[in-house]
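Visitor: Taking the numbering used here, the leading residue of the sequence shown gets 1, the next gets one more, and so forth.
The set of hints was computed from the structure by calculation and includes no laboratory data.
Watch out, some of these pointers could steer you wrong.
Below are the DSSO-like pairs computed for lysine-lysine, each with C-alpha atoms no more than 27 Å apart in a straight line [unchecked claim]: (1) Lys-46 / Lys-35; (2) Lys-79 / Lys-55; (3) Lys-79 / Lys-111; (4) Lys-13 / Lys-46; (5) Lys-79 / Lys-63; (6) Lys-120 / Lys-104.
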Amino acid sequence: MARIAGIDLPMNKRVEVALTYIFGLGPASARKIIKATGVNPETRVKDLSEEDTGKLRSEIETKYRVEGTLHTEINMNIKRLMDIGAYRGIRHRKGLPVNGQRTKTNARTRKGPKKGTAVKNKVKAAK
Numbered sequence: 001m002a003r004i005a006g007i008d009l010p011m012n013k014r015v016e017v018a019l020t021y022i023f024g025l026g027p028a029s030a031r032k033i034i035k036a037t038g039v040n041p042e043t044r045v046k047d048l049s050e051e052d053t054g055k056l057r058s059e060i061e062t063k064y065r066v067e068g069t070l071h072t073e074i075n076m077n078i079k080r081l082m083d084i085g086a087y088r089g090i091r092h093r094k095g096l097p098v099n100g101q102r103t104k105t106n107a108r109t110r111k112g113p114k115k116g117t118a119v120k121n122k123v124k125a126a127k
């Protein structure tokens, strides 16, 4: 079993695809890593040798920010924006879309489910 950056890579996937399961690595960076290490991209993860796994692991650890360190960096950037009172930080704090999306309709992912308005039926006055 190949375990890189704290992630168990799926056994039946090609190495090029399996590396994208690590947070912070996409298809382009996976190709760069494979090219730098000389591992065959068509190899399945279950067929990787310990030597190949070690090469991949050392390449990722030395040249890429992935998983925990990347999550920490992203969260610190968001916290910095909130602390300095930037517009984007305020949007993060309020839980609204940050990058200019409309909020009159849509934006349900950020805003959460609709809050229904309380509608009272008018009671006719007794005569």
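Visitor: Confirm or reject each hint.
Guide: Outcome of the hint check:
About 19 Å separates the Cα atoms of Lys-46 and Lys-35, which keeps this hinted pair within 27 Å; it holds. Taking the CA atoms of Lys-79 and Lys-55, the gap is about 35 Å. The hint is violated against a cut of 27 Å. Under the criterion of a C-alpha separation no larger than 27 Å, the hint pairing Lys-79 with Lys-111 is consistent with the structure, at around 19 Å. This hinted pair checks out: Lys-13 and Lys-46 have alpha carbons roughly 8 Å apart, not beyond 27 Å.
Distance hint between Lys-79 and Lys-63 is fulfilled; the C-alpha atoms sit about 25 Å from each other, no more than 27 Å. Note on Lys-120 and Lys-104: the hinted pairing holds, with a Cα-Cα distance of about 24 Å set against a maximum of 27 Å.
The structure is inconsistent with hint 2 alone, although it conforms to all the rest.
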